[in-house]
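Asker: Residue strings, one per chain:
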Amino acid sequence: MRNYLGVTLMVSATIATAVASYSINLRVAGERAQLRKLEMTLADEAERIHALENERLTRARMPAVEGWNNQVFKMAAPAATQYLRSPVQLAAFIAPPPPPPPVQYAVAAAPAPAAAPVVEVAYAAPATAARVVKASYRAGDAASSTAATATTDPGN
Amino acid sequence: MVAVVPPLGAGPIAGQQQLARAQARQRLGVLLLMFVALPPVLALRLTDLAVFEATAAAAVRPAASAPPRADIVDRNGVELARTFEAYAIAVEPRKLASEPRELARRIAAILGDRSEAAIYDELTHRGSFRYIARRVLPAEAKRINDLGEPAIELRREGERLYPNFALAAHLIGYTDDRGTGVYGVEKTFESRLSAPATRATPLRLALDIRVQQALDSELRALVADQQAEGAAGVVVDATSGEVVAMVSLPDFNPNAPGKDGQPAFNKASYGRYELGSTFKALTLASGLDTGVITSMSKTYDASAPLSIAGFRIRDDHALNRWLTVPEIFTHSSNIGTARIAAEIGRDRQKAMLEALGFTRRVEIELPELRDPQLPAWSNWGELATMTIAYGHGITVTPLHLASAYATLVNGGIYRPLTVLKRDGAPPAGRRVFSAGTSDEMRKLLRLTALNGTARFADAAGYRVGAKTGTAEKNENGRYIRGANVSTLAAAFPMDAPRYVVVVMIDNPRGSKASAGFKTAGMVVAPVVGRLIPRIGPLLGVTPDASRDLDVSSLLPTGTKVAE
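So the protein sequences, as listed, match chains A and B. Mapping of the first sequence onto this note's numbering: position 144 corresponds to residue 144, and the numbering continues sequentially without gaps. Mapping of the second sequence onto this note's numbering: position 30 corresponds to residue 30, and the numbering continues sequentially without gaps.
Heads up, some of the hints might be wrong.
Derived contacts from chain B toward chain A, CB cut-off under 7 Å, selection only [what the hints assert, rightly or not]:
{"id": "1", "residue": "167"}
{"id": "2", "residue": "213"}
{"id": "3", "residue": "217"}
{"id": "4", "residue": "534"}
These are computed hints drawn from the structure, not numbers from a lab. Ideal placement from N, C-alpha and C gives every residue a C-beta, glycine not left out.
Chain A extracted, bound-state conformation (with noise of 0.2 Å):
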């Protein structure tokens, strides 16, 4: 009996054993055929990407390249003026700031513009003298006046 239990335990481990090595094994081949596609896969990648980078290469080739700028954005070399050796060259570009604005001197009687359309002019009068004049005028219309003249009586 003692016997046959040793041979059972023996039988079992060495069982337990190949059943054990044989899944290692298994997997190990799984990982395998996996590397090898993944491989196959990048080597038919790296061809597509050959192939792809020709066509980008023959269709973005100089001569096509140089055709587009003459044609479409008609971009030439820069001037030697337009290089920049220094900071003070470069400020040199700032606008000065402008001048004073002039004075403005009024004018008693300005001439008129010569087809100025007709304008309503409505004046909100001041409050202490509501009086509203609506006045209507045609350029050139009056002959002998140089300009027509709508005023106002505020009250002043």
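Please build the complex by placing chain B on the supplied structure of chain A, with the hints as guidance.
Answerer: What follows is chain B alone, placed relative to chain A:
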């Protein structure tokens, strides 16, 4: 076998028995030990094989990872030639199963560029194997395969693709249908490009494809405008001798070589021309170097044409007076140059030409090279010395001239040209002119671009120095009246020369743009004046209007350079 058992008790025999038994036990013990020791040894070896000597599965690359031929790239790594997998469509006419006319029609519909009749001829050919088409794209090949004709065979072939088509075709070259280089760099570096050990790394040229494009488009426009027979142009690094661009027109499409009918002819490296007055720079440099020209203000008699050996040397822009050295150069006086050459003498002239490489092929890695033509030594009299001084009676390739000008402006050191990118310091080279001579020549060249014949080449800010040369075209030893070869050799920036540009146009007819002129100053100089602002910034030369070479020492006191 009969065992004889000796009787017991016999003294000497008993001793033998004991000995035999001991021996047997010993053998048994050794055998047992071997049984015990062998498995560990085997186990060790197995571990060794499986673990240490094993090649990892990942290390075994799938097929076609190394290209069958190395790529060619420019100095910045842009691909100029690469290999792609194309299909060849072949047929074994004897095995044909379907009706050939119908099959030809269907194949012609897929391929497009081959006629139905031509395909029909191949299908019904009496041979056993015929190509119908090569360099067929995979998609088209698949459609032909889908026709299901058993006699048609698809073959995968590594084909060379030149993405830039005709651009730099003369330099890069092409391969034949077996993939062997037969022209240009493809031929020179055949073993480097195809050897398994080296083909994985691309071959890097000195060429800059952007500069090449600029030169190509300017020359193409010039040839079209002038209705010229062709043109050649090179851009060379003055210090390292690298050829940055090289154009020869007419050119060809290397993807389909030989289809346009003309044989390829590289005008820059194989074409020989009389390059005319551009040689005056070399004569003057030689004069300065040998001490013949003692001072820039030394004058030479150019008041009348020079008669020698029944030949008259005259000036195109005759001033009919005595000229100083800068005047001889800027007005391109043949008489003055001839007088200087006569003082130099033929021995020193020959030595100078030899030192500059004018007596042999250009040192460059191209197969299409040609020997210059010089007069025989017995025939090299005073007249020959004088005409060679201004570039007549000597034919060289434009590359020769570019190499000589590089030597002239880089401080006087000759270095062989190269089509490959040079990394690190340039090679030692060989001194031809003294540094002082080189300095003086730079000033003279700059002066010619400022107010001499090469005015139109002076791109603002780039400090261009240039010399024009116009020679009557010589074909089979006879000058053709009215046909010119106009050349301009330029270098920039002259305060520290980096690049030499040589442009030559073969038989310009004159146009509106050149005001009807066929001379280099009117035809070629404006092209170089447009070209340099295009290529300068690409090559790292920035224009600067605030810097220039001082040429005042060449001018008579009190005069100024014309603006």
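Asker: Give a verdict on every hint.
Answerer: Hints, verified against the model:
1. For residue 167 (chain B), the interface hint holds, since its Cβ comes within 7 Å of a Cβ in chain A; the closest pair sits about 6 Å apart.
2. For residue 213 (chain B), the interface hint holds, since its Cβ comes within 7 Å of a Cβ in chain A; the closest pair sits about 4 Å apart.
3. Interface restraint check for residue 217 (chain B): the shortest CB-CB distance to chain A comes to about 6 Å, inside 7 Å, so the restraint holds.
4. Contact between residue 534 (chain B) and chain A, as hinted, is supported at the beta carbon level, the nearest pair being about 5 Å apart and thus within 7 Å.
The structure meets every hint from the earlier list without exception.
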